[in-house]
Amino acid sequence: MQEQVNLREELEAVGIGEILKQLDQELIGLKPVKTRIQEIASLLLVERIRKKMELTSEIPTLHMSFTGNPGTGKTTVALRMADILHRLGYVRRGHVVSVTRDELVGQYIGHTAPKTKEILKKAMGGVLFIDEAYYLHRPDNERDYGQEAIEILLQVMESQREDLVVILAGYADRMERFFSSNPGFRSRIAHHIDFPDYTNEELLAIAEVMLRHMNYKFTSDARDAFVRYIALRKAQPLFSNARSIRNALDRIRLRQANRLVADEDAILSVDDVQSVVASDVLASRVFETSQPAVVEQLTDKRRR
Amino acid sequence: MRITQGCFSFLPDLTDDQISRQIQYCLSQNWAVNIEFTDDPHPRNTYWEMWNLPMFDLPDAAGVLMELKECRKVYGDRYIRISGFDSSPGWESVKISFIVNRPKNEPGFRLERQESDSRNVRYTTTSYAVAERSEGQRYSS
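Chains as they are written, first to last, in the UniProt record's numbering: chain W, 1 to 304; chain E, 1 to 141.
If you're looking for bench data, these hints aren't it; they were derived computationally from the structure.
No residue lacks a Cβ here, since even glycine has one placed at the ideal position from N, Cα and C.
Among the hints, erroneous ones may be present.
[What the hints assert, rightly or not] Each computed SDA-like pair below joins lysine to any residue, with the alpha-carbon atoms no more than 20 Å apart:
1. W:Lys-115 - E:Lys-69
2. W:Lys-117 - E:Met-55
3. W:Lys-117 - E:Ser-20
4. E:Lys-104 - E:Phe-37
5. E:Lys-69 - W:Lys-234
6. E:Lys-69 - W:Gln-155
7. W:Lys-234 - W:Asp-224
8. W:Lys-115 - E:Glu-70
9. E:Lys-69 - W:Asp-224
10. E:Lys-73 - W:Pro-114
11. E:Lys-69 - W:Ala-113
12. E:Lys-69 - W:Pro-114
13. W:Lys-31 - W:Thr-75
14. W:Lys-217 - W:Leu-268
15. W:Lys-115 - E:Lys-95
16. W:Lys-117 - E:Lys-95
17. W:Lys-117 - E:Thr-4
18. E:Lys-69 - W:Leu-238
19. W:Lys-117 - E:Asn-120
20. E:Lys-73 - W:Gln-160
21. W:Lys-234 - W:Asp-197
22. W:Lys-52 - W:Ala-113
23. W:Lys-217 - E:Thr-4
24. W:Lys-115 - E:Glu-112
25. E:Lys-73 - E:Lys-95
26. W:Lys-117 - E:Lys-104
27. W:Lys-31 - W:Thr-199
28. E:Lys-95 - E:Gln-24
29. W:Lys-117 - E:Leu-53
30. W:Lys-117 - E:Ala-32
31. E:Lys-69 - W:Thr-75
32. E:Lys-104 - E:Thr-4
[Claimed, not checked] Simulated restraints, written as ranges between beta carbons of each label pair:
33. W:Pro-114 - E:Gly-136: 15 to 25 Å
34. W:Arg-143 - E:Arg-2: 30 to 40 Å
35. E:Lys-73 - W:Arg-143: 25 to 35 Å
36. W:Ser-269 - E:Tyr-25: 51 to 61 Å
37. W:His-192 - E:Lys-69: 54 to 64 Å
38. W:Pro-32 - E:Lys-69: 36 to 46 Å
Sequences and hints are given; from them, build the entire structure.
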């Protein structure tokens, strides 16, 4: 038994500070999420130290539910979570098995149980991420096989806590309804984390990070235009945070490429190819105020 | 008489922790792991019954152990073995096979000698348990 533990050494041995710092740098905003991850990391670290001092306690439950609007980074954080839990020695392998209803629920009687178990077996030693978990439960159909999958999940979540961490994700209101019709789920999940929407400044910062990753950059005019774009796009229906930003950037890249190709005699410098100018941004449909919102909604739907 | 076939059978029975580490080794070699059971443990009986399909692409042994525990719940009074199949030659071939569950009481085998033409003797091994009762009840009492 160890009487004293040096916290700094312990932190370095786990390498958790590094992950948290990376998380802080790469994920913009998401304050409550980061705080909670920090708390969980601290708990697991203390738990590790307590183990060395032979102060045993029950393994903490780490099943989580991530709720938030589309594009707020639920999947990204889930992937990080697996890494963090792995470093802390809470899960053995640290892989993520990401599934939706289709992979868990069968087509006919007797199909569901083996299917769900297969996925559970694959996820053991890692993290099982169930996206849009509320689709598992179909309140309008009593004989839906989703209930069977839920029961198997609950049983394994309870009995094999040390082998598997389950993360459920989905939009807040529908998850709320899902939990209220499956109280067993709510009580087995210790951490309910809500992902807030991004502010305009955060969205701009995200856009710049994305552009940097793609080796592009805004000119200062283009940045101003994009600030206006964000404000306008946000007011429109079907806005999905970072995902909308990514789609917008993809369209901007198309327009930029088109603009460059238009002038066949041009000699392009590195800077030309990298830069996104204001006209690339301003050509967006979002700026066409004459277009009613309904049309926008329709075209947007067709596009996804 | 304690039946010795497959790997580790001359050692004391493996604990669940040891079993799980053996399975983990199989998985680390990219072998498919399979659970089989029988109540006819004759050494020439290679066809044991399968408990579900072989398990492919698992990263961790916990999944196999979960299946093993369920198999024990149903067929705890029979022999259960775990096999690892290697597919790298282009076909599935058994690389490891070990018994993970055995009945409490193992009556063993009788050696029969049949005297045939001239001074030849033909030998046969017969399981007491198999000869005594029908399938499914051989080790249940």
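Against the structure, the hints:
no., hint, result
1, W:Lys-115 - E:Lys-69, "holds, 18 Å"
2, W:Lys-117 - E:Met-55, "holds, 11 Å"
3, W:Lys-117 - E:Ser-20, "holds, 18 Å"
4, E:Lys-104 - E:Phe-37, "holds, 15 Å"
5, E:Lys-69 - W:Lys-234, "violated, 53 Å"
6, E:Lys-69 - W:Gln-155, "holds, 14 Å"
7, W:Lys-234 - W:Asp-224, "holds, 16 Å"
8, W:Lys-115 - E:Glu-70, "holds, 16 Å"
9, E:Lys-69 - W:Asp-224, "violated, 63 Å"
10, E:Lys-73 - W:Pro-114, "holds, 17 Å"
11, E:Lys-69 - W:Ala-113, "holds, 16 Å"
12, E:Lys-69 - W:Pro-114, "holds, 16 Å"
13, W:Lys-31 - W:Thr-75, "holds, 16 Å"
14, W:Lys-217 - W:Leu-268, "holds, 16 Å"
15, W:Lys-115 - E:Lys-95, "violated, 27 Å"
16, W:Lys-117 - E:Lys-95, "violated, 26 Å"
17, W:Lys-117 - E:Thr-4, "violated, 32 Å"
18, E:Lys-69 - W:Leu-238, "violated, 48 Å"
19, W:Lys-117 - E:Asn-120, "violated, 55 Å"
20, E:Lys-73 - W:Gln-160, "holds, 17 Å"
21, W:Lys-234 - W:Asp-197, "holds, 11 Å"
22, W:Lys-52 - W:Ala-113, "violated, 39 Å"
23, W:Lys-217 - E:Thr-4, "violated, 70 Å"
24, W:Lys-115 - E:Glu-112, "violated, 48 Å"
25, E:Lys-73 - E:Lys-95, "violated, 27 Å"
26, W:Lys-117 - E:Lys-104, "violated, 30 Å"
27, W:Lys-31 - W:Thr-199, "holds, 12 Å"
28, E:Lys-95 - E:Gln-24, "holds, 14 Å"
29, W:Lys-117 - E:Leu-53, "holds, 12 Å"
30, W:Lys-117 - E:Ala-32, "holds, 17 Å"
31, E:Lys-69 - W:Thr-75, "violated, 33 Å"
32, E:Lys-104 - E:Thr-4, "holds, 15 Å"
33, W:Pro-114 - E:Gly-136: 15 to 25 Å, "holds, 23 Å"
34, W:Arg-143 - E:Arg-2: 30 to 40 Å, "violated, 50 Å"
35, E:Lys-73 - W:Arg-143: 25 to 35 Å, "holds, 28 Å"
36, W:Ser-269 - E:Tyr-25: 51 to 61 Å, "holds, 57 Å"
37, W:His-192 - E:Lys-69: 54 to 64 Å, "violated, 31 Å"
38, W:Pro-32 - E:Lys-69: 36 to 46 Å, "holds, 39 Å"
The earlier numbered hints that this structure contradicts are 5, 9, 15, 16, 17, 18, 19, 22, 23, 24, 25, 26, 31, 34, 37.
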